[in-house]
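Novice: For reference, the chains in residue letters:
Protein chains: 2
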Amino acid sequence: METLRKTPFDIDEYMRRVESFHGHAAPGVIIGGLMVRMAQIRIPEGVLFNAVCETLSCLPDAVQLLTPCTVGNGWLRVIDLGRFALSLYDKHHGNGFRVFIDPKNLDNWPEIKAWFLRLKPKTGQDHCRILSQIKAAGENLCGVHAVQVRPQLLERPEKGRIVICPSCGEPYPMKDGGICLACQGRSPYVIREYPERVV
Amino acid sequence: METLRKTPFDIDEYMRRVESFHGHAAPGVIIGGLMVRMAQIRIPEGVLFNAVCETLSCLPDAVQLLTPCTVGNGWLRVIDLGRFALSLYDKHHGNGFRVFIDPKNLDNWPEIKAWFLRLKPKTGQDHCRILSQIKAAGENLCGVHAVQVRPQLLERPEKGRIVICPSCGEPYPMKDGGICLACQGRSPYVIREYPERVV
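Chains as they are written, first to last, in the numbering used here: chain A, 1 to 199; chain B, 1 to 199.
Incorrect hints may appear among the rest.
Which copy is meant is left open, because identical chains are indistinguishable; a pair holds if it fits in one copy or across any two.
Said to hold, decoys possible - Straight-line Cα separation of at most 25 Å, DMTMM-like style, residue types lysine to aspartate or glutamate; simulated pairs:
{"hint": "1", "residue 1": "K175", "residue 2": "E111"}
{"hint": "2", "residue 1": "K159", "residue 2": "D80"}
{"hint": "3", "residue 1": "K91", "residue 2": "D80"}
{"hint": "4", "residue 1": "K113", "residue 2": "D176"}
{"hint": "5", "residue 1": "K6", "residue 2": "E139"}
{"hint": "6", "residue 1": "K6", "residue 2": "E155"}
{"hint": "7", "residue 1": "K159", "residue 2": "E19"}
{"hint": "8", "residue 1": "K6", "residue 2": "D90"}
Rather than coming from a laboratory, the hints here were simulated on the basis of the structure.
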């Protein structure tokens, strides 16, 4: 990551990428970009890393934009603990860095504080001021821990055999039981016929 | 989506985007691209849609590359049912389309079948043949259902108040309890000091 360390983070260019991928320059994804970078420059060059986000909000998009880790390739895992934090860690040994927003640091940035701690309704927030405070604050909003990931996170889960569900007729992992999880009642929808006659 | 319907899907250009985002041209993301498109062209122009993936494998990246829905903006939800299927649905009314790989259609494409149903070990799979069969098969691998999403998926979960966890000192949603979920034992790592003295 020597090259990364020497390259200043171009936050304006990053904001354009966020707008394209995430839909708008959400403060959470912008701060997330700073957080990803804080973790990434601490990982020794050449080390392959995985990522954890502790919330579904915003941070997964920052990780996916700035690192090789995505939800679909399995290198990014979302463990929804409700904390605005992420970590990058050596995928073989589990040592890495966790970056979080330290509430002690928010007093200098009242607009960020009001947004982050939801002290104002959305309509009362000044998006431009939030973004300019984020640019001014930079890494000063955040804290960093060195972390060691628990061993079970380093194991790649065994996928096992794929079989056909006798109920819906679709392939599913045999380990899930005699019928697939959707047919066990977890399906988020009801199937209708196509064209749209409800059955 | 009239424009989308009239534009042929440039699978080679899509494969280059997959390589850049996902890391390699994984068969699951390539088929996922065809699946996303099958759902997307059925949604009337101008309708805002959300997405569900029924697996963490590959499909979330196809959705994130080809639609405005991402994990971090909340328009894509992963509900891990172990089925290789996705759906796009009207975010207000919940009606949409679910696309899945129909195992009945796999017999014509033995290399895809062996990969998808894990009939061969990874080392015995011919990646180039899988991709050329995917290109030849196109949408013929898949089935489509019209679906109606359950009402609870249409509600945006109430985030509620943010408070400071008395245990770790970080902000978390008050609805999670007296301390945050990480401090309730769900943390995936142990914190070390920085620099790396283990505490």
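Novice: So, for every hint listed, does it hold in this structure?
Specialist: Status of each hint after checking the structure:
1. K175 <-> E111: between (49 Å within a copy, 24 Å between copies)
2. K159 <-> D80: both (23 Å within a copy, 13 Å between copies)
3. K91 <-> D80: Both: 20 Å inside a chain and 23 Å across chains, each within 25 Å.
4. K113 <-> D176: between (44 Å within a copy, 21 Å between copies)
5. K6 <-> E139: within (16 Å within a copy, 46 Å between copies)
6. K6 <-> E155: neither (33 Å within a copy, 45 Å between copies)
7. K159 <-> E19: Between copies, since 23 Å is at most 25 Å while 36 Å is not.
8. K6 <-> D90: within (21 Å within a copy, 45 Å between copies)
Checked against the numbered hints listed earlier, the structure breaks hint 6 alone; every other hint is satisfied.
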